[in-house]
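Each of the two chains sits in its own frame; use the hints to bring them together as a complex.
Going down the list, the sequences are from chains A and B.
Numbering of the first sequence is given in numbering that gives the first Met the number 0, commencing with residue 0 and proceeding in unit increments.
Numbering of the second sequence is given in numbering that gives the first Met the number 0, commencing with residue 0 and proceeding in unit increments.
There could be a bad hint or two in this list.
Calculated pairs, DMTMM-like style, for lysine to aspartate or glutamate (alpha carbon to alpha carbon, straight line, at most 25 angstroms) [what the hints assert, rightly or not]:
hint	chain 1	residue 1	chain 2	residue 2
1	A	293	A	362
2	B	117	A	73
3	A	244	B	130
4	B	117	A	333
5	A	189	A	362
6	A	217	B	1
7	A	56	A	333
8	A	189	B	260
9	A	199	A	57
10	A	340	A	290
11	A	78	B	220
12	A	217	B	260
13	A	340	A	69
14	B	117	A	264
15	A	244	B	1
16	A	217	B	130
17	A	78	B	106
18	A	336	A	264
19	A	78	B	219
20	A	165	B	260
21	B	117	A	278
22	A	185	B	106
23	B	117	A	202
Some, not all, of what chain A presents toward chain B, calculated at C-beta under 8 angstroms [claimed, not checked]:
hint	residue
24	135
25	139
26	197
I should point out that these hints are in silico values taken from the structure, not numbers from a laboratory.
Where is the CB? At the ideal position from N, CA and C, for every residue including glycine.
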Amino acid sequence: MKTKLFGPTTIAALATLGLGSLPAMAQSPIKIGFVSTFSGPQAAIGEDMRRSVELAKEHLGSKMGGKPFEIIYEDDTFKPDVGKARSEKLVLQDKVDFIGGYIWSNVLLASLKTVTDEGNTILVSANAGPSQIAGELCNKNFFSTSWQNDQTPMAMGEYLNTKGVKSLYLVGPNYAAGKDMLAGVKRTYKGTIVNEDFTKWPDQIDFSAELAKIAAAKPDGIFIFYPGAHGVQFVKQWAQAGLNKTVPLYQVFSIDAITLPQQGDLALGTLGAQEWVNDLPNEQNKRYVADFKKKHNVYPSYYGAQSYDAIMLMASAADALKGDLSDKNKVRAELKKANFKSLRGDFKYNTNQFPIQNFYIQEAVKDAGGMMTVKTIATAVKDAKDPYYEKCPMK
Amino acid sequence: MDYLLIQMLNGVQLGLLMFLLAAGLTLTFGIMDLVNLAHGSLYMMGAYLAWTLIGVTDSFFLGALLALPATFLLGVAVEAVVMRRLYARDHLDQVLATFGLILFFNELVRAVWGPAGKSIAVPAFLAHTVEILPGVLYPAYRFAIIVVGALVALLLAWLVARTRLGMLIRAGASNRRMIAALGVNIELLFSLVFGLGAVFAGLAGLMAAPISSVKIGMGDDILILAFVIIVIGGIGSIKGAFVAAMVVGQIDIVGRAFLPDFLKTFMSSAAASSAAPAISQVLVYVLMAGVLVWRPTGLFGQRN
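Chain B with its partners taken away, still in its complex shape (with noise of 0.2 angstroms):
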């Protein structure tokens, strides 16, 4: 029992990282109608900025407190520079230029950082383990993201729900045009919304850093699930996406955890780990497929 919660708890550590990373893509594909590439080099410079600001202030809080508000003016900054030539193209131009984006991204670091890859310590004040049950250890780290996860996950649902940005972001959500004409300053609401969406995308780089490792190109592998996440949830729906990142990451904890070993009862060890992961891809694969058959606009998504 013990062990099954620890995998679960693994597999919502997991799903939190990838609902922050989900978060900003689903608000700028859902109301921005922006399919944004370049969303995991945001996820990578956030990571790359904590790691040098908490090289100058020596303190993982600090650091990563105003890698923050660094990754949002970033955000901001790319937002005016390139995304707002790209809202009246068509998908395919945005796809050409974000991708450009993550060439761009990529070798900036590689110039700026070099091509080694940096690691970031796990802060002295969380490396240890905390008892979660009697007996039960969890790296104190990793609880640590689950609950500042948590804790964005309500800030956002919050922020969506109560809010007068929220209400703006929902309606842009659910009718672009008719809140444009309704005089609301779309060009204000639009470099807000990606600036935040690239503050949650750094939040995650950096809070994966320690347990992962900041590289070129950390963000790209991840982006591919987030955009799947996005279309199970619903494109739009933040509801959506930390759902569908929340099941996401069981499954993937199960494809590593319990695949494997049930497996090997038929099959040699090496050919059992080998199998046990592209299962566990092709499930996500196949929810997604689930999903868009039973309903096409995700679980969450606005239904025209």
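Next up, chain A with everything else stripped away, as it sits in the complex (with noise of 0.2 angstroms):
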């Protein structure tokens, strides 16, 4: 005798084996969705920043408040209409827990409000930092583990005085974290400001009009920020234009473990900011990076850094809750508190839902390997706050 497969007894067994499992339901694992930029020449961030929540996931045994938790990667291919769009699927369809991720502002401020607000779904970026978000636009269900985009640029200028830069020719991508950058540097930074330009974003990437500007401008140094491709090519172009050996570069952003590997040597010696370098003496970070060495070869950049803490956060809330992420006030509450062992050490939430930090400044060297990397050569800023904070509603 044949037995069937879907006989009538195979059916009651699975039936009740699904009654059986309706406690197990209340086990679901918790839904993390993560966006970020997966394709096109700006995926090499997107895959840092998916190896460190990989990494994350790892250290934390695939679980958070006792429950298994699955992520959902979602690719804005650095558009924001398809971020927006990427979102919307990840709230509406998957009804995930969180949203993790976003690297750039523009596609940030295009998702903000399908998530926050529509979805009532709880966001927290991993790198962009709008200074809307930080300001009117500010939000119970957005948290940041990055930094308001002018707080970069702020720490960088508060050290350029500091070095006795006298006049600076800052360049930038002409969208929403663009300005807030060159904004930033603006703030603090005493000396002169002999020219500001604004290129075309993302299509520019021949800088050939303003090198041959800031040639003629003759600055004491040139402040950039391009993220990603666009920083490898701004250093190669600016060396080639022959700037490297007369107009020392400063940069945020822009050099960094994504782009040192193609900007090599060229790099050496620049000098950038950061709220979080691979050699911060920390328990978590000393691990952090080993383990990321140890499985990719290459050092992890901020964007991971940012993306693994991102995914502690949530964890922090999930374990202070046991699991039960059903209540919103209590997983923001519990979020606010930032109690984790982030990879840059301690913070504490702002009104507005941004770190208070430091700032350090880091150099482009060779490690002992000969890779090339950034180590930190000084402390820029202490517990800084961003300057939208007073703006925002939320006390």
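Set out below in structure tokens:
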């Protein structure tokens, strides 16, 4: 006699199994959506973030608050409209508990309302920090494990004052973050701003016209903000134009673990500001960097470190609430404590839910193995708050 | 003055790259009456093939040199497999089919080279600056682009004006049916012309690679500008493509180098920086519209 695969008994058995697993249904995994760029010229950044998220998952033993969790990655393809659509899908279709990620300020701004307001879902930005969200658009469902855009360049500006750099030429891309970054350095830098140029974003990668203007203006330094592939291009062209011998380059987010393999020796000795550096001497950071390097044979970047922190922040709330994320008020209250071991060292949340944190000056160097990396050379500012939090109605 | 000179050279360099792309486009459009939207894909393939061959040979020069026959063969193959079926169809069918080719090539590149994009380093022997005038420094690589672009333009001028192939090309541009009736092997001619266009596009792509980056869809943005150039210059005219590319190159550089500083005198720098490229882009189209009103077949186009 043949056994029917889907005979009545099997169905009955399946049904009881299903019923029997009802309590386990409450144990359904915590879902985390992660939006980043996984294709196109900036895919290397998304890959670095994904690797760090996976490492965080491994360090957590794939559990938060006693429950298993799964991560659903979505590719924003570096476009605001696509990012918004993917975020919408995560909220409406996957019904995720948290959304993390977001490299680009314009993608985050396009997606914010869909997630935080229409979807009432908590969003943890692992990179982008547009001024709008720190100020008037601040949102109870928005948390940052990175910084507000102005802050890193503000730290750089402070350092340039102490270093005695007398005049500066500013160049950056013409979009939300570019404007914040250039505004940021102008907030603190006391020397002369020779000129500022905004270039077309993201399609302009030829900086010959700007570099010719810089050569003619002869400033004491150039300040740039060109993340990822654009940073590679700017540094290369700066060197090709011979300006690396005459005008030093100061940067934020343009020379990092992602771009250094391609920038190579050209970047050697350049200075930048950052809230996290791979050599910060705390235990969790040592473990993260060592495990990351062992797995991938490259250094992690701040994009990765901030993504790792984003997952750890979510885990801290899930742990405190024993995996029950149904009451959003409780989840938000737990997140606000920032009760986790951040890779940058402990930090507190400001009223607008951006971190109050230190910023460091880093130099591009070669490590013992000859690999390009960055190392901390100074602390630029301590316990810095962003300049917009007073505009945020949340107290 | 030095500054002006450098910016003009930047414009010439951009113009020559655009010319290389437009030359192939104007030939296929003018002689074969083929609207080839996939010309930008050949530009991209040139860059990707060069990236691979430079990796294999470990030499920029050798890799770039080998990439040229490779793009030629690719061009001939595309012509034989796809384009040949399109000559008799109307322009709309050609647009549809060649748009399909764009999608095909973009996916092909994604499958073969991955989504992340590649970068080609400037060759060591050109990674410095040259003193073009006392005290005026210019990146050697960009200077090399100008030299190569100018040489290719001269070569093309010689080819079109002085050789038998050039004679056939010119004849084909003015009256296709007549040269077919005179017993010229039109299939072979079309195949050669398309392959030649592919080589120029590939050369432009691989030369642009070190100063931009090798990525999926890199030819799509620049293709629109190339079409504008051939319309301004006159479809089928190499001379027209050259003149128009030079003019467009200068307009672009004015928009990026001088216009922002002028606009900053009365608006915020962020606003000026967004307005300037938009204005220079509009200027290119205004130029095209003006040329079309004045000479509907373009500056050097065949008047019927």
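Now for the hints, and whether the structure bears them out:
1. At most 25 angstroms may separate the alpha-carbon atoms for a hinted pair to count; residue 293 (chain A) and residue 362 (chain A) meet this at roughly 23 angstroms.
2. Distance hint between residue 117 (chain B) and residue 73 (chain A) is fulfilled; the C-alpha atoms sit about 23 angstroms from each other, no more than 25 angstroms.
3. At most 25 angstroms may separate the alpha-carbon atoms for a hinted pair to count; residue 244 (chain A) and residue 130 (chain B) meet this at roughly 15 angstroms.
4. Distance check on the hinted pair: residue 117 (chain B) and residue 333 (chain A) sit about 43 angstroms apart at the alpha-carbon level, beyond 25 angstroms; violated.
5. About 22 angstroms separates the Cα atoms of residue 189 (chain A) and residue 362 (chain A), which keeps this hinted pair within 25 angstroms; it holds.
6. A C-alpha spacing of about 13 angstroms is found between residue 217 (chain A) and residue 1 (chain B), which places the hinted pair at or below 25 angstroms, so the restraint holds.
7. Proximity of residue 56 (chain A) to residue 333 (chain A) is assessed by CA-CA distance (about 20 angstroms); at most 25 angstroms being required, the pair is judged to hold.
8. As the CA atoms of residue 189 (chain A) and residue 260 (chain B) are separated by approximately 23 angstroms, the hinted pair is consistent with the 25 angstroms bound.
9. Proposed proximity of residue 199 (chain A) and residue 57 (chain A) is contradicted: the alpha carbons are some 40 angstroms apart, above 25 angstroms.
10. As the CA atoms of residue 340 (chain A) and residue 290 (chain A) are separated by approximately 16 angstroms, the hinted pair is consistent with the 25 angstroms bound.
11. Taking the CA atoms of residue 78 (chain A) and residue 220 (chain B), the gap is near 16 angstroms; set against the 25 angstroms cutoff, the hint holds.
12. The straight-line distance between the Cα atoms of residue 217 (chain A) and residue 260 (chain B) is roughly 16 angstroms, inside the 25 angstroms bound, and the hint therefore holds.
13. Taking the CA atoms of residue 340 (chain A) and residue 69 (chain A), the gap is about 21 angstroms. The hint holds against a cut of 25 angstroms.
14. Distance hint between residue 117 (chain B) and residue 264 (chain A) is fulfilled; the C-alpha atoms sit about 18 angstroms from each other, no more than 25 angstroms.
15. Taken as a hint, the residue 244 (chain A) and residue 1 (chain B) pair is honoured in the structure, with Cα atoms around 19 angstroms apart against an allowance of 25 angstroms.
16. Using a Cα cut-off of 25 angstroms, the hinted pair residue 217 (chain A) and residue 130 (chain B) holds, with the two alpha carbons roughly 17 angstroms apart.
17. Restraint check for residue 78 (chain A) and residue 106 (chain B): satisfied, since their Cα atoms lie roughly 19 angstroms apart, inside the 25 angstroms limit.
18. Our distance criterion of 25 angstroms between C-alpha atoms is broken by residue 336 (chain A) and residue 264 (chain A), whose separation comes to about 42 angstroms.
19. The hinted pair formed by residue 78 (chain A) and residue 219 (chain B) meets the criterion: a straight-line CA distance of about 17 angstroms does not exceed 25 angstroms.
20. Between the alpha carbons of residue 165 (chain A) and residue 260 (chain B) the distance comes to roughly 22 angstroms, so the proposed pair stays at or under 25 angstroms and holds.
21. A distance of roughly 29 angstroms separates the Cα atoms of residue 117 (chain B) and residue 278 (chain A); the hinted pair therefore is violated under the 25 angstroms criterion.
22. Under the criterion of a C-alpha separation no larger than 25 angstroms, the hint pairing residue 185 (chain A) with residue 106 (chain B) is inconsistent with the structure, at around 44 angstroms.
23. Under the criterion of a C-alpha separation no larger than 25 angstroms, the hint pairing residue 117 (chain B) with residue 202 (chain A) is consistent with the structure, at around 16 angstroms.
24. Taking 8 angstroms as the C-beta contact cut-off toward chain B, the hint placing residue 135 (chain A) at the interface is violated, the least distance being around 19 angstroms.
25. Because the beta carbon of residue 139 (chain A) sits about 30 angstroms from the nearest beta carbon in chain B, more than 8 angstroms, this interface hint is broken.
26. Here the hint on residue 197 (chain A) is kept, as its CB sits about 3 angstroms from the closest CB of chain B, short of 8 angstroms.
Hints 4, 9, 18, 21, 22, 24, 25, counting from the list given before, are not met by this structure.
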